[in-house]
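Whole structure, please, built from the sequences with the hints as guidance.
Number of protein chains: 2
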Amino acid sequence: MHSFSALSQLFEEKFNVRHFPTHTESLYDPAQYILGIGGKRIRPVCVLLANELFDEINPDAYHAAAAIELFHNFSLIHDDIMDKAPVRRGMQTVHVKYGESTALLAGDVMFVKAYENLNKIQPANLQKVLQLFNVTASQVCEGQQLDMDFEKRDTVSFEDYEKMITLKTSVLVAASLQLGAILGGAGGGNQNHLYKFGKNLGIAFQVQDDYLDAFGNPDKFGKQVGGDILANKKTFLLIHALEAASATAKKELLQLMIDNPADKVEKVLGIFKECKADAWAKELQQNYFTTALKHLEDVAVLSVRKKPLMELAEYLMVRES
Amino acid sequence: MHSFSALSQLFEEKFNVRHFPTHTESLYDPAQYILGIGGKRIRPVCVLLANELFDEINPDAYHAAAAIELFHNFSLIHDDIMDKAPVRRGMQTVHVKYGESTALLAGDVMFVKAYENLNKIQPANLQKVLQLFNVTASQVCEGQQLDMDFEKRDTVSFEDYEKMITLKTSVLVAASLQLGAILGGAGGGNQNHLYKFGKNLGIAFQVQDDYLDAFGNPDKFGKQVGGDILANKKTFLLIHALEAASATAKKELLQLMIDNPADKVEKVLGIFKECKADAWAKELQQNYFTTALKHLEDVAVLSVRKKPLMELAEYLMVRES
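Taken in order, these protein sequences are the chains called A and B.
For what it's worth, my numbering labels the leading residue of the first sequence as 1, then goes sequentially.
For what it's worth, my numbering labels the leading residue of the second sequence as 1001, then goes sequentially.
Hint data in this document are derived by calculation from the structure and do not stem from the laboratory.
Sample of chain A residues with no beta-carbon within 12 Å of chain B, all distances over it, derived: (1) Y33; (2) K97; (3) A249; (4) K251; (5) I258; (6) A262; (7) D278; (8) R305; (9) M310.
In the DSS-like style, the derived pairs of lysine-lysine whose C-alpha atoms are separated by at most 30 Å in a straight line are: (10) A:K163 to B:K1097; (11) B:K1084 to A:K97; (12) B:K1294 to B:K1128; (13) A:K251 to A:K273; (14) B:K1233 to A:K97; (15) B:K1196 to A:K120; (16) B:K1294 to B:K1040; (17) A:K196 to B:K1120; (18) B:K1267 to B:K1250; (19) A:K233 to A:K40; (20) A:K128 to B:K1120; (21) B:K1014 to A:K128; (22) B:K1084 to A:K152; (23) A:K267 to A:K233; (24) B:K1250 to B:K1152; (25) A:K120 to B:K1163; (26) B:K1128 to A:K128; (27) B:K1152 to A:K97; (28) B:K1282 to B:K1306; (29) B:K1097 to A:K152; (30) B:K1233 to B:K1276; (31) A:K14 to B:K1128; (32) B:K1251 to B:K1276; (33) B:K1128 to A:K120; (34) B:K1282 to B:K1250; (35) A:K84 to B:K1152; (36) B:K1128 to B:K1307; (37) B:K1014 to B:K1040; (38) A:K84 to B:K1084; (39) B:K1276 to B:K1152; (40) B:K1084 to B:K1267.
Backbone N, C-alpha and C define an ideal beta-carbon position, used for all residues, glycine too.
Next comes the structure, spelled out in structure tokens:
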């Protein structure tokens, strides 16, 4: 059994190689570039953690883990193009560094590389693994599309936002865990509990991310505090405030979003606090987290084996609060 | 045994359905849109034709054929974004109709759908099929990248251009044929000959396309005659002319590409004829075509079974001459 950090290191050692040919370097160097600028590798380590719940690590779990990380980076490249994001992990995004067309193609070829890694998996598990991977990949695309659709809408319901977040970010964590379980020979029940553990953990993480963007300690939070507010981003907090605030506060909030005054962040935070969106978000996060832990508890293996996954869950929930 | 047109019809009947869910229609309607605007479906029919060379059609061949057509449309959506192409098959391109971000995602999700179709193939053949599909998909991306790289270069050698065309267009035809052969239980030798038949046929087709763009009958050729010349596109003709023309003619040609005078097409055609690029291209096309047919001949099945593939080859070579 390995701890979360031991598995991170094991994965990093295997993954930290050149994944692409050297020829046609105008295509493959940009693809390799994003893999080299780091990342927490949480998703691939989830594959390994879930796999080791059931048995010693199956070598195929490394292939699935690599595929998941490649897929994640493919989606980052394409999302950054769509979002016109200049920076990723403190470095230039692929499309800024190499141009949009090359970034688009580098993403495509990264996606193929994910499938190349999946195709190294033993035939007995291949079809099941592909099935889950394909469904998840489509869902991630749907989530990104919904996110873009919501930007154009005036209001988004809590349910719609939760669905979008689930598709855009949670299902990949959930599927990573289930893939590890499949390759560990887990039955359907255990697979399902791990999937739901990951899904709820992922949503809890997003609620926390939305919370920290507004109320986080600027010294500890990695991004600009108030960035979502400045960008009028629909977050759990904004969506709740628009539902829960008084008529006057709601009107003021909508006006602030139009006017963008210099003290916008301060004023919006005031409204969030007035309608207790901060306490509501903490409770919401806790609810998802509790649901996640309940599903982990229900996985039918000895509790001691679940310790590394518990560590991961706690690590994700205590970034800053 | 079916003729090319009978198989086209069979494929079209199966393929002409909605491939995507109805929910998240803002993503899936654009993906479905491009599938509905037609196309000759040559690649998927190649899968079926090659499959029927060896036995009755394996139901898995339809899955592989659908995957190939979905992949082809994925690459069209993304290429049209990169090329800023406004029109495809006489209709608005996906990115013009729905926006670039949605088109990018619609392409991605089309790519996933290709893999979903491949995953319906019997486990005994799945790994081999995926292996060929993945290699081919990467090659198509490489070809598109090289094409973009060449646009920025002053000169491109014949060998480089041939390599780019092979990757960008021929390997998909070649792989379609080989996939059909794999699913028909063909041995490595027969697979290889079919691959090379497709590869050479694809290049012959591209030489013809370049030729017709310059020398075709405007009433019969589907595109604007002289379009490549106006766009300074590096074609087999231009590349040959820059190698074979006299020093004076070469200088004039390069100047025409800079100045873009009103009579540019006429003058460039004059230089092409002067250095016999037209006759050279016809001969080049014939050479690739002959090589293609030689490989078809070498496939170890009764000649009578090859008739539909011969029909296809001839159909592709007599568009207009």
